[in-house]
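Participant: The residues making up each chain are set out below.
Protein chains: 8
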Amino acid sequence: MYGWRSRLGLILPSSNTTNEPEFYNHLPDGMSLHTARMRLENANAKALEDMANEVERCTDLLATADVDAIAYGCTTGSLVKGAGYDEEIETRIEDRAGVPAVATAASIKRAFDALNLRSLAIATPYIQDLNEREERFLQEAGYEVVDLQGLELEANSAIGDRTPETTYRQARMLNHGDADGVFISCTNYRTFEIVEQLETDLDKPVVTSNQATLWDALQTVGVEPDLPLGRLFEC
Amino acid sequence: MYGWRSRLGLILPSSNTTNEPEFYNHLPDGMSLHTARMRLENANAKALEDMANEVERCTDLLATADVDAIAYGCTTGSLVKGAGYDEEIETRIEDRAGVPAVATAASIKRAFDALNLRSLAIATPYIQDLNEREERFLQEAGYEVVDLQGLELEANSAIGDRTPETTYRQARMLNHGDADGVFISCTNYRTFEIVEQLETDLDKPVVTSNQATLWDALQTVGVEPDLPLGRLFEC
Amino acid sequence: MYGWRSRLGLILPSSNTTNEPEFYNHLPDGMSLHTARMRLENANAKALEDMANEVERCTDLLATADVDAIAYGCTTGSLVKGAGYDEEIETRIEDRAGVPAVATAASIKRAFDALNLRSLAIATPYIQDLNEREERFLQEAGYEVVDLQGLELEANSAIGDRTPETTYRQARMLNHGDADGVFISCTNYRTFEIVEQLETDLDKPVVTSNQATLWDALQTVGVEPDLPLGRLFEC
Amino acid sequence: MYGWRSRLGLILPSSNTTNEPEFYNHLPDGMSLHTARMRLENANAKALEDMANEVERCTDLLATADVDAIAYGCTTGSLVKGAGYDEEIETRIEDRAGVPAVATAASIKRAFDALNLRSLAIATPYIQDLNEREERFLQEAGYEVVDLQGLELEANSAIGDRTPETTYRQARMLNHGDADGVFISCTNYRTFEIVEQLETDLDKPVVTSNQATLWDALQTVGVEPDLPLGRLFEC
Amino acid sequence: MYGWRSRLGLILPSSNTTNEPEFYNHLPDGMSLHTARMRLENANAKALEDMANEVERCTDLLATADVDAIAYGCTTGSLVKGAGYDEEIETRIEDRAGVPAVATAASIKRAFDALNLRSLAIATPYIQDLNEREERFLQEAGYEVVDLQGLELEANSAIGDRTPETTYRQARMLNHGDADGVFISCTNYRTFEIVEQLETDLDKPVVTSNQATLWDALQTVGVEPDLPLGRLFEC
Amino acid sequence: MYGWRSRLGLILPSSNTTNEPEFYNHLPDGMSLHTARMRLENANAKALEDMANEVERCTDLLATADVDAIAYGCTTGSLVKGAGYDEEIETRIEDRAGVPAVATAASIKRAFDALNLRSLAIATPYIQDLNEREERFLQEAGYEVVDLQGLELEANSAIGDRTPETTYRQARMLNHGDADGVFISCTNYRTFEIVEQLETDLDKPVVTSNQATLWDALQTVGVEPDLPLGRLFEC
Amino acid sequence: MYGWRSRLGLILPSSNTTNEPEFYNHLPDGMSLHTARMRLENANAKALEDMANEVERCTDLLATADVDAIAYGCTTGSLVKGAGYDEEIETRIEDRAGVPAVATAASIKRAFDALNLRSLAIATPYIQDLNEREERFLQEAGYEVVDLQGLELEANSAIGDRTPETTYRQARMLNHGDADGVFISCTNYRTFEIVEQLETDLDKPVVTSNQATLWDALQTVGVEPDLPLGRLFEC
Amino acid sequence: MYGWRSRLGLILPSSNTTNEPEFYNHLPDGMSLHTARMRLENANAKALEDMANEVERCTDLLATADVDAIAYGCTTGSLVKGAGYDEEIETRIEDRAGVPAVATAASIKRAFDALNLRSLAIATPYIQDLNEREERFLQEAGYEVVDLQGLELEANSAIGDRTPETTYRQARMLNHGDADGVFISCTNYRTFEIVEQLETDLDKPVVTSNQATLWDALQTVGVEPDLPLGRLFEC
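Residue numbers (the numbering used here), protein chains in the order written: chain A, 210 to 444; chain B, 210 to 444; chain C, 210 to 444; chain D, 210 to 444; chain E, 210 to 444; chain F, 210 to 444; chain G, 210 to 444; chain H, 210 to 444.
One thing to keep in mind: the hints can contain errors.
[Unchecked claim] Listed next, the in silico EDC-like pairs over lysine to aspartate or glutamate satisfying Cα-Cα at most 20 Å (straight line):
#1 K413(B) to E443(D)
#2 K413(F) to E443(G)
#3 K413(H) to E433(E)
#4 K318(D) to E344(D)
#5 K413(H) to E443(E)
#6 K413(B) to D435(D)
#7 K413(F) to D435(G)
#8 K318(G) to E297(G)
#9 K290(B) to D338(B)
#10 K413(G) to D435(C)
#11 K413(D) to D435(H)
#12 K413(C) to E433(A)
#13 K413(E) to D435(B)
#14 K413(C) to D435(A)
#15 K413(E) to E433(B)
#16 K413(A) to E443(F)
#17 K413(G) to E433(C)
#18 K413(A) to D435(F)
#19 K413(F) to E433(G)
#20 K413(A) to E433(F)
#21 K413(H) to D435(E)
Hint data in this document are derived by calculation from the structure and do not stem from the laboratory.
These numbers were taken from a predicted model, which means no experiment stands behind them.
Same shape as in the complex, but just chain A (with noise of 0.2 Å):
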């Protein structure tokens, strides 16, 4: 059987090319992957809402595949309606396939508690009313934003077309001098491949919506190997 160890879920937009191949390349020995789509074609509040009322519907498909755990991979479709929003989607997952359940607002959250970052820098793909309320979302829950750029793309396709050169060089040009840490946005930019890198060149903790939610995903099963992913992974 594929999966002995662990079978992880995740829930994701449609348009979202990046969170599964991210995840496949660094899954633990002995567990395996399985996903469910949610429409999903531009990265704006209103589309972002309408997704979410798919939720049940996914976490049914993947409850017949004897999932142990469930991701939601979307970091804004979980802050999208501010504070508390995040922790409702993991209770409508938990309570309909009986499994826990994360979610990406909620997973980077507890990804800073665990670096002990409390003022960050952040580079996002979004246009500027998502930037605001990830601001927002994040400032409710404590944090402090020391600077926040995006790249203005709307169209999610369009997020998944970028490199993981692009999400580098974004990073670098952040004015992050006073923060803890520098945070990633999006489960559909991709940032494996450069994180180490980033936390090298840049002295601090580097923490990514795809990252997050992959290492408290694994935390909540009870499986924690040592991935190639950047100091969250040391914690």
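Chain A is already provided as a structure; the job is to place chains B, C, D, E, F, G and H on it using the hints.
Facilitator: Quick look at chains B, C, D, E, F, G and H alone, frame taken from chain A:
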């Protein structure tokens, strides 16, 4: 971007836990895989027929990920209604997504022809009714079925819990003296680890549902690597 | 000559198909393994007691191969008659062959002590009667049994047909919250592939029958390599 | 389960310390080896004849391990009573266990024929009487013995204490100008490390007792890998 | 000394950031590369014509490094003035330095001829005017241009910022059904990572500016290694 | 794009054949190197002073390649006019290109300070006059020169023709008993293959012109890998 | 040139077949070994004393090869005349060649002191008379000999014909309970393959003739690599 | 024992520092090399003739090491007295030691014949007189000398101080247009690192003194591995 060489979409039964890992572990460099699920718990004719109602919804989801082709990963699900049903499934997906599609029941016939196999010994995990439907489907397509043995498993999750060693031993025990080749049916039944050992030990070509579907999908997008999955990939 | 560093003799139940491969795959450079078999088909008390009549004959056979030590590879077979039976088996072999001997039921106690484990959660493939005898044997030796779960398999060949994945999942489901460590019993039950992953995921020491017997035998002949078989080998 | 591809049983003289390691180090993926011993200390005709009384007991032991075939690993032990004795041993095992069996003295003849060797130069570790019996056995089977040299060792443990370098040098010193090939006799005499170098340096096929027995046993169970043990495995 | 086997000089547009790394990463053992730059910011006819005034100065610089040959690494820069301009550039360098020289526009024709390609589908990053000049240049040299698509980039730095994935996808989209082969133009446009995958997926020879120039330069100095850069290096 | 992590420009004497290969062979992942040449044939004071007239032209060329920093790779060329000349060169480049610059004569002082070296034994390939200028330059900067030996080579091409073995043996023969460390001067004199062996065998830090310049340039762009180039890279 | 880092000369008995291969297989990068032979067939006092007459001739031969140091590779040959003879040999070579020299009998004492060993258990291949001379030599130098066992071999070629397995087993059988360490004597007796396993299994430092001589010679030329030859090389 | 497959003795000029390392680095598995030296400082006719007086003494030394063959490693030393001198040297060694011998000047002729070379371009490090003797020797043996260039080095230590890069460049500069192959003379002149690159770049067979002598010696002892030393080893 992931999938710069080609992006493959996969539509599969929700309880299938084998197809995604087998495809991911052998994906050619530069390709990515994106999944959508149709609800299915038991492998019987009624459930398989119902499942097909979700083809269009799944196709729409994958279309937003800009996939270059779509595979319908279910053997009995694409032959349960008899001759012609496999091509019908392919056509419904192609018409909707505007990209080429392959369905397992059609892919295995293309594989048999590529290897020039006219008679087959067949191992399946299925219950008797599905075995009979599969045999009839192949006979009507002009192939001779020399032997066919099933494990009598109806719960799809039970099929996915088997190990490749089980598959190897079942295939060794077939009466295949007169057959041109061996076929191992079901995209939820593990074969990728043992297909080449089986070919060596039986000294015959071995076709399996996932192997044939992957091979067919790669042909469709024009990416043709040397995968260590048996003689079919040398065609 | 094979075994220039040390030759290890192994006496085991005839139906055991796991002990030889697990030992061979981890034998230190310069060591060799030589086997003699005692007839056993079912793992129950009566059969195990009868089996012991062959100890002397097997010892004599191995003595002609100039072995430097002898391992008696059977857990319940060296505890079935209760406290003291394990050392009795060791003495019978040593007196006959003139070289040191270890018996699994004694080796696991040495392993618990080396790791400083006083309370244990235990997974076995055994029937209820053998589970109770093992629990009593360990309690009389001063260890606390926090939980003990068995697979209820009596045919020894059925135990050897299990995969390490089965063992992993059984051990994960134990109630081990209060235990100092986990013990997986039976030299015919596969554990070598997953003992280190279990220790990582449970964050506790894991002792298994074959691991403890091999460790004890290597101590006896003064060959002490770094084997990737868990914390016991770091003692 | 170990041995999912095939399980091989091995019956060998108790003082043999070479056969188990040579087989284990070259066992194909998915196969396992299980041993039973017959008492033997000295390599002479009387002792070898007595040893054969244990064939049935050993066969019964291995049968409980569900082996798929049994090898009788002793050259002179399967020819000491002259022509036909080798097939007699095979038949006794097969009748008892219900699985195919091979005996070394028969396996080497199958190897000579596969390589098309009619005349042989022979190196053995044996005393004169056994050398003569072996020569007669092969002549009666229709092979020409061009040269035959023995080390005059009677204690079987002394044979097992030799290194492969000894074997190489003995084989190089044979008068093999006219021979089709070279045969190195005795399953306790090490050859696996040097069989390919010998073939390169002598520019002739080299058959050895363990190599031929393993090759024959693998043919029997239909597992045919590429082992680096000389030209015989290319047949 | 570096370059004991051969030293290669390279003259290239100052804004080219691709040619040096592509050559360095594939330089045969014992060769070294030494660069001189001609000022160029935009890839248009006027700027390319002006740039050529620096050929002699760059040649003189490289001559002091005792190079064994000089490559002029610019496609449009060696064809912008039409038929014959490529050989004129080569002659100016050779006369000045006393060593052989190759210019990209001449090298690609030698590559086409070595591969026996008469008709080509062409991908470039250029603006329309340069595309037309290149098409005319090749037609006058006797080649048929089946299709030609450009990215319309004028800033040379923008060309160098593209990834090989971009190049792969552009080349896949050409209408190359009737063409003998595919040509990817521009020494600042990355191709070395994907030239072999393109040849596999298109099943046609692929020539690129840097690949052809390096191949031609290596021919000139008589160093002919097996580089993994497509069929041209098997000529 | 090449150089997504950082692009390094290099200005060097035209006859230097060592600096480019030494830098390229040790460039961190994600960096690229781009070169511009200043005319120089002989390593004497007059020629080195003239050469500096080309600094601005070379800077302009590299600026069009969007480099993130520029290294001026010449030791005596950046100290020939005495104290302060090294910083003057750096300032001229920085003012012109708008990016940070390092010059070898300044980089070696930064390296000495990072390693806390106050007294040095020095090996050079230079003629007497340049040796004296270098000694004076270092003394005025506050370092003690314990020993200084030169090879008396004036033709720069002759320096580049030496092998690292020559450098090793010259450095071993210095009288360095009292020195804190050893300095090997000249960016055209090969040291990268032997710097770590020298440090091991002398048991002292070793600084070399190319090693210090590369280290300083990497500091400047904030890319700090573990290069196997001696203790300086552990600072 | 070979030996650019250092050239080592070796003077050894003509019948020694072990010293050259053991040194060559562990020579640090950049070193070379050059040999001269003194006639010796039997390892007895008379022959060893005569052999020493050739020291000067051998020294002269090696001097023409520009060696940087000379090792006299013979244990009993440098102690056969008692206390002080080892240093006398070293002085004779140094005076003649003008480079440092080491003799095995002096090197082993330096090794004992580096490891702080005062009492030793000793394994040799020698006859009784040489064993007594060695014991006396070491006692007079202040070391305690806890046990000393010899193989009683007089023909030096017979010593060289032994395998490292023989050495290992002889050393394991010493009575070394009270000894600080183990010494294996004779430069013709193989130890390099087993010195680290012996140290692990005995849990004591092991010094051997060739290991100590090589270590001492490397110290002399100031080349100090990490060789996998036991704790001595960590000193 | 070292050299269980074969032991090779080597007689060479005392100042030769290349022959031992080149042979050792390419010695087939199971072979060992043992050296004896004849005094020689300068490579001129008088010194080479005197040197030959030591052949018998060196032969006797190597005979005590039980070598299986002896190589006389000196090109001009085995041809200085003209036609027939090479075979005379071989005969003197064979008569004395009772094992086969090869001398370089004879080995190269055997190599030319094996490769079917009748005309040669020759690179040597020698002075004019030795070059003329070599040319005459080869002409009298029936070979045509198309070109012959020497480095005019008389001190043998100076020859050994050259690097393989020097040899490569000298061989490239020969006028070898009409020659069947290239010959690089002198066992003290390094060629093993570059012989295959030379053959690739010149597209002709290359024979060198050490390569031919090693090949010839291996033929003699019947050990014939695939060494990466050019086309001669494919004969």
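Participant: Are there hints from earlier that the structure breaks, and if so, what are their numbers?
Facilitator: none
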